[in-house]
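Undergrad: Build out the structure end to end from the sequences listed, making use of the hints.
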Amino acid sequence: MKPFSESRKTIGFQIMNLMRHVGETIDHSLSVNNVPLAGNQMPLLMLSAQFEGHSMKDLADIIKRDKAGILRGLRSFEKRGLIRFQGEASDKRKRLVYLTPIGHAMMKQIMQHLDAFEKQIKSGITPDEFRVFYKIIDKINSNCLKSLGEESKIIHDFNFDEHLKVNTKKRR
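Residues in the sequence shown are numbered consecutively from 0, following numbering that gives the first Met the number 0.
Calculated directly from the structure, the hints in this document are not laboratory data. Keep in mind that this is a model prediction, so the values were computed, not measured. One or more of the hints may lead you astray.
[Unchecked claim] Once the Cα atoms are required to be at most 20 Å apart in a straight line, the calculated EDC-like pairs of lysine to aspartate or glutamate come out as: (1) Lys107 <-> Glu51; (2) Lys145 <-> Asp127; (3) Lys91 <-> Asp127.
[To be verified] Cβ pair distances, simulated, as ranges: (4) Glu23 <-> Ile136: 39 to 47 Å; (5) Arg92 <-> Asp65: 41 to 49 Å; (6) Leu144 <-> Asn39: 19 to 27 Å; (7) Lys8 <-> Ser146: 34 to 42 Å; (8) Ile136 <-> Tyr97: 44 to 52 Å; (9) Glu51 <-> Asp90: 16 to 24 Å; (10) Arg83 <-> Asn39: 48 to 56 Å; (11) Gly86 <-> Arg7: 46 to 54 Å; (12) Asn33 <-> Gln119: 31 to 39 Å; (13) Gln119 <-> Met15: 33 to 41 Å; (14) Lys138 <-> His20: 21 to 29 Å; (15) Asp114 <-> Ile136: 16 to 24 Å; (16) Ser30 <-> Arg71: 16 to 24 Å; (17) Asn32 <-> Cys143: 14 to 22 Å.
Just so it is clear, CB atoms sit at the ideal spot from N, CA and C, and this is done for glycine as well.
TA: Now the structure itself:
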């Protein structure tokens, strides 16, 4: 077995460490600026904003998370007045997700913080270095998915427009 000092040099350790630091930095920024949201809740709220009027199932499919987890997150947002559910006209059982005015205001605030955060973490790194970084991350992600026997669909390469066309056709 490798000593701990050696295992800290592995890709997995470095990625987990980076994720922890990014999460802590985002949480700190949100807290300091009185945004009542944890960093790990942001992706779901951002997705809800981007795909407003879509179902919980659509959101779960897009980010590849279970519907129960999505529902828990959305219910938390609903209790805080950030989103509202509305039944679909053709199928009242299907609940569509919409941001409230409070949710839209919070999204605007979050986007300002994320823009500042992006500038901060990109400080001193050239655009070419970021292109290489993203290529490497894509390859690592693809290799991980292959080892799991899953399709190599990376979230930022996910064809949202195509997904929406298919799901919009189903609703009509």
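Undergrad: Hints first: check each against the structure and report whether it holds.
TA: Outcome of the hint check:
1. A C-alpha spacing of about 15 Å is found between lysine 107 and glutamate 51, which places the hinted pair at or below 20 Å, so the restraint holds.
2. Between lysine 145 and aspartate 127 the CA atoms are separated by roughly 27 Å; this puts the pair beyond 20 Å, and the hint is violated.
3. Taken as a hint, the lysine 91 and aspartate 127 pair is broken in the structure, with Cα atoms around 50 Å apart against an allowance of 20 Å.
4. Taken as a hint, the range 39 to 47 Å is violated for the pair glutamate 23 and isoleucine 136, whose Cβ atoms sit roughly 20 Å apart.
5. Judged by the Cβ atoms, the range 41 to 49 Å given for arginine 92 and aspartate 65 is violated: they are separated by roughly 19 Å.
6. For the hinted restraint 19 to 27 Å between leucine 144 and asparagine 39, the CB-CB distance of approximately 21 Å keeps it satisfied.
7. Taking the beta carbon of each, lysine 8 and serine 146 are about 20 Å apart, not inside 34 to 42 Å as hinted.
8. For isoleucine 136 and tyrosine 97, the Cβ-Cβ distance of about 33 Å falls outside the hinted range of 44 to 52 Å, so the restraint is violated.
9. Checked against the hint of 16 to 24 Å, the pair glutamate 51 and aspartate 90 passes, with Cβ atoms roughly 18 Å apart.
10. The beta-carbon spacing between arginine 83 and asparagine 39, approximately 22 Å, falls outside the hinted interval of 48 to 56 Å.
11. Separated by about 51 Å at the C-beta atoms, glycine 86 and arginine 7 satisfy the suggested range of 46 to 54 Å.
12. Between asparagine 33 and glutamine 119 the Cβ separation comes to about 19 Å, which falls outside the hinted range of 31 to 39 Å.
13. At roughly 21 Å, the beta-carbon separation of glutamine 119 and methionine 15 lies outside the given 33 to 41 Å, and the hint is violated.
14. For lysine 138 paired with histidine 20, a C-beta distance near 22 Å keeps the hint of 21 to 29 Å intact.
15. Hint check: aspartate 114 to isoleucine 136, Cβ distance near 21 Å, so the stated range 16 to 24 Å holds.
16. Between serine 30 and arginine 71 the beta carbons are some 22 Å apart, a value that agrees with the proposed interval 16 to 24 Å.
17. Hint check: asparagine 32 to cysteine 143, Cβ distance near 34 Å, so the stated range 14 to 22 Å is violated.
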